[in-house]
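Trainee: Spelled out, the chains give:
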Amino acid sequence: MNLHRLITQHAHRQANPELWSRRDFLKTASAATLAALAAGAPRSLRAEAAAKKIKPTADRVIVLWMGGGMAHTETFDPKRYTAFTPGMNPNDVLSTFPSIPTNVDGVKFSAGLEQLAQVMDRATLIRGMQAADLGFILHSRHQFNWHTGYVPPQTVAAPHLGAWIARTLGPLDPAVPAFINIGQRFDLGEGEELKAFTTAGFLGSEYGPFNVAFPEQAADAVRPPAGMSPGRFADRDKFYRQLLAASPVGQHGSSYQQESLLRAMDNAHRLLSSPAAKAFDLALEPLESTRKYFPGYEPGMRFDAPRDRFGGKYEEGMVGRFGLGCLLARRLCEVGARFIEVTTEYIPFLNWDTHENGHSRLIGMKQAIDAPIAQLVRDLEERGLLDRTLIVLASEFSRDMMVEGKPETKVKDQVEVPQVINDPKHYGMHRHFTAAGSVLMFGGGMKRGYVHGVTADERPCKTIKDPVSITDLHATIYRAMGIPADHNYEVEKRPFYVTSDGKGKAVMDLFA
Amino acid sequence: MFPLLKTPLACAALALASAAPAVAKLPPERAAQLPAPATRPVDFAKDIQPIFEASCVQCHARGKAKGSFSLETRADFLAGGDTGAPAAAGKSAESLVVEMISGLDPEIVMPKKGKKLTRDQVAVFRAWIDQGMPWPEEITFFKHEPANLRPRDLAEIPAKPGLEHPVDALLDSYLAKNKLAWGQPVDDRTYARRVYLDTIGLLPPPAALESFIADRAPDKRARLVQRLLSDHQAYAEHWLTFWNDMLRNDYKGAGFIDGGRKQITGWLYNALARNLPYDQFVAQLINPTADSEGFTDGILWRGAVNASMVPPMQAAQGISQVFLGVNLKCASCHDSFINEYTLADSYGLASIYANGPLEIAECDVPTGHAAKVKFLYDDLGAIDEKAGPADRKQQLMEIITGRKNGRLPRTIVNRLWQRFMGYGLVEPVDEMDKPAWSPELIDWLAEDLVAHGYDLKHTMARILTSRAYQLPPVSLGEVEENYVFRGPAVRRLSAEQFSDAILALTRQTHEKSAAKLNRHAALTPARDTLPLQPKWIWSTPDAHVKAKPASLVFRRTITLPEAPTEAHFAICGDDNYAIKINGRNAGATPKRNSTYADWVDVSRRLRAGENTIEITVSNMPPDEGRLVSVKTDELPDADSPAGLIVYAYIRAGGETRDVVSDSAWTVVELPKPTNDRFAAADPRPPVELGPAVELGGVDLAPWKLGSHFLDLAAAPEDTLPVTRAALVTADPLTVALGRPNREQFMTTRQTTATTLQALELTNGATLAKLLTRGAPKVLAAHATADTGTLIDALYQQAISRKPTATERDLASQLVGSPASPEGIEDLLWALAMLPEFQLIY
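Heads up: the protein sequence lines correspond to chains A and V, in order.
Using this note's numbering, the letters of the first sequence map in sequence onto residues 1 to 512.
Using this note's numbering, the letters of the second sequence map in sequence onto residues 1 to 841.
Note that these hints are calculated values from the structure, not bench results.
Just so you know, even glycine gets a beta-carbon here, dropped at the ideal spot from N, CA and C.
Any given hint might turn out to be false.
A partial selection of chain V residues facing chain A, derived with a Cβ cut-off under 7 angstroms [to be verified]: (1) GLN744; (2) LEU756; (3) LEU759; (4) THR806.
Covered stretches of chain A (in silico footprint by chain V; criterion: 3 or more residues with CB under 8 angstroms from a CB of chain V, positions within the stretch not fixed) [as the list claims (entries may be wrong)]: (5) 129 to 135; (6) 151 to 159; (7) 226 to 232.
Subject to a maximum C-alpha distance of 27 angstroms in a straight line, what follows is the list of computed DSS-like cross-link-like pairs (lysine-lysine) [unchecked claim]: (8) V/LYS115 to V/LYS91; (9) A/LYS505 to V/LYS112; (10) V/LYS116 to A/LYS505; (11) V/LYS113 to A/LYS53; (12) A/LYS53 to V/LYS115; (13) A/LYS406 to A/LYS425; (14) A/LYS503 to V/LYS66.
Bound conformation, chain V alone (with noise of 0.2 angstroms):
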């Protein structure tokens, strides 16, 4: 594990010029181009806060206070700036106020940014200073307290006959308000497909619609979406994308190439498949361990990176865009023109993930004021500015999961309200300081999820089951004004959706998966308690809290009877590890920042007899990118967490041969490398330094792998098919659909089609091999059936009815009989290219 980035403060926060000048003055010639004050009685409300709001409020008000001036209230004017007082009652035309407001030196004219004052307004500014500057006490211009962000706990909903369901009862009302009134609930062809597609992201197979159908049981479609729901693994692989796309999780991309990037996915899936509640979930990518610390640590270019893009600054976008729906990038950089929210604000969670202070710059310009560590609602909690980076990042996982923050279930709850209605209650879905066109439903839900401990299954059934989400489809572009709720829009399949339902269509699998992990260890019962405990290892004690740049060979030998039946390594190396044994590769993960629990096969390895295993760990200096020109010895403070822990699951001539890391293992420091290729080959042999000392066990933080750890180590190997999109690489077909280059936090995706697209689905390599690799397959499966059977049968997998009379006679033609695989390709081709097929209606 990396340190965490270190921005030294450049230079000390320089005093500020303070010596504030009185009250400024025109020379004569200019202040009489002043406009005249306006002879009329001003009123403050009526006359002075327009003009403060348009032209002022959005640098010295509302938080923010550019120059040190403020006018958030009378005083706060009164008091003045950086450049002393503005006003003095009585004496416009000497007032500095005036001065640059009038725009009559370019030098200091205000506002700087925004709409400059008329010279009406400017006369009528000047009377108000005149007669003494009335401003009544109860106008302010205080940061405005934002929505969605205290919980509020509902009284009982009242059910309305028909209306049983709490959404629906807080619906009706909604509805009544719109004038609209409840249309009838969709057929059971159109539910099925919604829900399957909704909560497993899998077109329903034939089989199951037609008995659902046939189910004359009142609750079943309840009972469906309990099904599906509890499919853990069907689940996991839909909802892996959503997660992906938000947390930029992939397995190529930008950054892997030198190792700036490391993926979560061993434990997101793990936390899909157990549904690990929402809070807990947050709470391990807020205060992270090895395996969910990939998003915290951000992307890391090598060279130099706009200071608003470092990574405990792309920590703090991150944080509040995914769990908060707030947008802080332009707080990144400035003072927000579209939000409340300061660089202060954006510098204050980052700081949180960052070593020592964190300078803040403006527009990558260092101001030299240190940035003050602190969280964007001052009321949800405070974070003690002299506490470790470990206890701040404990510290802002209580306040963020906590019961305070009612901001963190609303927003969740938005989410899968906009996936499955396709709008959001609060849209966009990033901007939750805005209030929900149903505030009372927002707020229903969320505490509903709390109160049934932040499942999230829970509260996807409650909206599935509504009746709000059984009404007829309506049509919805992506830009909507005016947005009214009417029922679920028209949605698009995801491009995963559209790809995982060709490759079941025509019965095949993915090679194997991108993804790193081993789908075991989340899915399966452990299959056996395992005999031994790993312990992390290293040369020195304490390295879990730090320790030197080194790379460490860690030996150990085993005696096996014969070759074994079944040989895998859960691991994890603080940065990486090398694995060898008999003195053959066996596995390795990239060079820089790869702390995560990995499974190796390490079978065909081992054999009869004396086995060597050595297994090579580096611990990195810390590289943020910018200290790459430095050598390593001259870093100040190079130290950082190290060690490795391996449990090697053997199994041999019937017996159990397990191995763990401990202190049975050895340790030979290796020499540092030298990357000149022309230097003389280093001389100093490798340092043999005794036995390994043990750190403590699987739980030990920072790692704090835990169980997870165990179930990998007990996992067989992942031999389940790979059938969905989710977990490999993005291929031309995906991306053309809409599969996003996961470079940046990616909450929604466009959905509108695109020529690019329809190109690539017309004679794009990607469908058309995978439709001729298809079409034989699904021949060899409906080998016996008529083509009229056969065209049934994939109407009815593709678009979940039967074809009409006209359709099959269509699809016949094309089909030939017997049927040809070029015309089930084609037909293949067209069910995919309609609607019918790319829609969720």
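Extracted from the complex, chain A is given alone in its bound form (with noise of 0.2 angstroms):
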């Protein structure tokens, strides 16, 4: 396509809105993956179709994320429940809080989790979840490995989960970005070292993440920028598009990368004046809806003041956080998103990092994860979404009072344990234990009411059957979404694969 005819769509455009169909933007859209394949975007190795071989139980992906390592005795795997006692030994200690029953007959829950202990039927419960050994643990390097199926470092920069589904499957309606990521900051503790995965990374910045931090503001995303009023912004637009055809560039006459330039601004102008573009506005979902996600919401509510930000207000707003993190969640779905992660926020020693306080503090993040995530269940089984939505919980690893690492690999503690617990603060899962943990799925395809694996009940509380590493973990959700575990991508020569050197194999028994 030419600069002049582009110049004109845009002007036709600008005066015929209603004429700007939806199967126009299906073929702009096709048109600027193709020049994003043209672009020096890596190039698949296996022709595209081999990817529809698999026949996809989801079209959309979920994960919600427990940043900061999630101890799976004190969620969905309890183990025997010691109460605080000043003076009690540390060794006596697997789980602080007493287990409950969930509706599926034999399946515990720990205390807290109530809500969810009512959709357990609808999910299928990894608990013998394998975190990699990688000697001295640091969140951001599990969790980099867990996002994107590779250690840290490497000699290109790995793409994340998001991106590869992105990059493979493309938006699933082309107003909206393919790959969101709700809820974390980073500008903090180890922002960068999360920017490390929270990426494209090779595959191009196309396919990276569209970051809304603060839900509750997700709108500001795709609205004019601040202090901007729609009408003001619509006739920048305008002014912009008679700029460019009153400019005389035709000196020079088209290229490619004029070409790019334009497209990308009308897809970005696309997005912004879509329909799907009012799914990120909270503000018009119903009160009472909203509420069921966030009991205390109250219109208005942002969670981003400075005060906030670290200690016990930062805490609270956590609730409420993840709450709204959740219903966009559901909102992005219903629009057509193809990849979204929801995460608690890790921040070190918040949230779910508990070096301290380990039992207090979790029972705000269950209460924080409890209601909103069971909702989102039930709310996409109403629609009729939740078939075909995989729903991911899942932490870079677990926790436990005792064990650092893996039970047979000594590595160094991090965290130390006095002899005697005398002090609340000392009560609960403080170190990073990485031989068992627990992911919870939902639809897209998993079976229901299931448990896959068991933990000892006795301390190392280690996978004893079925364990699950990252790489079939990974494989298991590229196969629900049809990509095979071997799907690569060229770059620098060589192939690099969806799941660790395309070794992943879907764990076939969760599949319904």
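With the hints as a guide, bring the two chains together.
Mentor: Put into structure tokens, the structure is as follows:
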């Protein structure tokens, strides 16, 4: 398409917005994809058609990320409960909450997850998740490993799970970014390390994350910049198009770079003006519905006041923030999102990173996730979307009171545990445990009311049956999306696979 | 400075089972399934060579010998490998190789990877064996001589009328061969915009542009290039981005959080601003100083790291890619399938940066074999295996920057050509083993660089003044098949160029530099001769060779007649430092490896009367990530270089009151810290060790800080405005526009526009804020101008031309009269979105 035609098209569209149909969107989008392909976006070594050989059981994925290390024994795999008593021996503590029944016989959760317990009949629960053995434990490294399938550092920038899916399958609806990342800021703690994997890496920024740190402000991401009225925003765009049409760029003729620039501006404009953009605006959700995700919600609430960054206020805010993130995920699923991650936000020593006050902190964290996730499952089910939406709740590793890493490999203890617990702040799971972990999945072709894997009932509470590696979990997610585990793209002339070296094996037992 | 990585050889090389079985024999029922030998006479070149090329040489020739089996020559082939002789003449049915290629035994089928043989091919192969394996001596499968390796001095380039420039004279025959004619040079505006952006990364200021256009002198383009290249600051701050990407130098990012990474910005800025000759530039990166070692030290993650990514392997990958255009990434795990480099090549180079022998791991599995120290190309020179790390690095530096290595200059001239023309002479630019589309041109540019003292600005000027560079722009996608040079490509502004242009347009600056450096030390001649010479000090002699892990406090008191008017330290501590003055913190580096020359303002801490300066320096045990579970005192050989050097530049009461590190300082050793919060407090008191021991001056190895340290000491506070994105951390705008996360060596960026970029430009907060804050400044600067004049000025600044009448009318309507800040803001945005702004034509 030459420049003149593009400009004419701009003008035409401007004058006749009603003619700008969804079919046209698709047409341009596929042109954009083609352009991206021609543009040095890495080539697939397998024909794209090969990806179609596997019949997908899901169209979209929601990852619910429990950043910081969620103890399996305190959530979805409770063990013997020992109440706090001053002078207690830390070796005696396996769980700091009693367990509760779920609506599946014989499956118990930890107290505080009462609502999730009532949707266990829709869930597949993996109990033998194996985090990698990376020696010295650093949260961001394990999170890198979980999200990319590769161990940092890598010689090329490894893409995030969401970017692989965005690259391979594209957006489900061209007006909704294919990879949306909700709830994580990158200017705190290990933010730089998180950035290293929250990226499309070598796949190219077209497939990178659309970041929404605060769900209640998600609408800002698709609205005019702060302080600019919609009228002025529209005028500015109109003026740009007029200027473009009047510009004598023709003297240099059209060029690849020019066309890619104009097409990108078009795509952005389409996204901003599409009806789908309304899904980002939580103010449009009925209040009673929002309150199912966050009972304390008041219209106009914001979570980013500086005082909330750290400390108690921050943790209180977390309850609502993750809940609204789940609500936003549901709204985006309804308009055609492909991959969404909602995180409880990883900040060193906060949220699931329970170095101290493990027990009391978890009361809040469970409150933050219990109602909204259960509601998300029910809402998607009610809307007929759950069957084709794969929800995956996971964490980079688990925690234990005493054991750091895997029981058989000694790594440096990073959290000191006193000989005798006198202070309640030492009551809880402090160390980083990698030999077991729970992953809860819903929908997307997974079994319902199914538990996979068994962990020991005494310390070390490691996996004793059916362990699942990150590589195989990824292969399972990709398979559900119709992507083979050895699907790959070429970078610097060598193949880079969606699962580590293409070796992932989907856990077929999980599929219904 | 950390000692180099030490990966102990886990186990001695296992003696290989060498009981080579004789020629194997298939069980008769299997042998019956073999394709019958072809009956026609077999021709090696026609019949066998293609089979070797397609299915065998990847692993068994061209320098590789999997299973110790090579077929580079007939003799090699007949000798066989670990499993014995492959074939006996005349007995194809009993030959091991036939059994393998037939695929009848799935356990031992060959080739393991790649194209399996067809039954017809097996039939031909059998016939060849039966006919006595004829193999003309002249056919061999040795390693290819890589292109662009040996220097080649071209004879005098005959100038052609109108093509006096050697680049053009060389290109003329290329164009003729491709049946292309020379186009007309672009006009002055287009040319000026190109060279401004290509030399200093900024848009031409309107006044300078107009006077350039008005200039009638025939050599004005060459003079413009010279003038721009001699703007040392602007040049350095533009090329900083190019080198930051390649050397993966950044100010924030993965690894910095726990000191597993070091920036080299001070060294790099200095090298660019002073136009350090390229051979010395490379020498100081390969055999580094404390200020430049961040490049070869790499990124150190705590915990287990894939064997292919331990720091010495990172160094090997970086050196080969950046300076030689060689990709060793595949060959860091296994013999490469995409080029002829082997695992042994990668480990050979990496071993130069390891303390002890490295154990070769194949795909992260230890092989039990120790790597042999070597350089990639034997012909260029050898590394003495017995030499220590310092000598090995010196030898590698001499080989790489030596006259016999024609690859070094070719690689860099190719990168420059690619920057300016949008497409390299060799492409991709990191596959320098491939021939250039004009070997003469790359050879000549390389030799010309060497002949001019490796002066990169000389080569830049060569290219920028050529007629080739002045050709009309051509359209180029990111992947070009069958590229033919027709002129420079239309290119996109880099993230930094875009951001810098917006900043300049809106008359703003960044708050402060995130890069660790004092620019005066590089840009201004030393303002005074320093009266004192600082010394490296420690508590033990030879600490620059090795010293025990320890935390030492160096103490000195000084008396000042009054509070200082100026006081700063130039300081470097190995591994780090923390300054206290009169008990208050005055500056510190991160805890792990932070050995670089630093400039620290201490004027607010010093007071009239007596002042106590205490500097704590920790010499840390080796930590390559894997050893962290081992207690410090259990480390086998934990000693490493340690030292402190300080120049305290103090002006008080109109007098020079400088103090330097020397034996006048006293030393106290602190007890070892513990992480155990529940352990009883360490009862050991600090130990007084007496006066500090002087180790040597600023040039002392291994730090080799040299005169840069004294320049830094004499430099005033860096109050230069920070106008360039290269000096600050990435923001959402520059990230969206392609500033990379510098964890990998990045020699080229993707430049295709993406939707996420356009979104960031359209409603992202970064650009919006810049424009909102900038618009009133623009208005203030043009307070007396009418709207039309203001619009003209913005057009000239942003896209280097006046608006047309239509454009001026449109813009006037938007901006209003008198101009409103919102109108200016929106005009600036719309201008910045135009291809004319974002592209370099």
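Trainee: Output the numbers, in ascending order, of every earlier hint that fails for this structure.
Mentor: none
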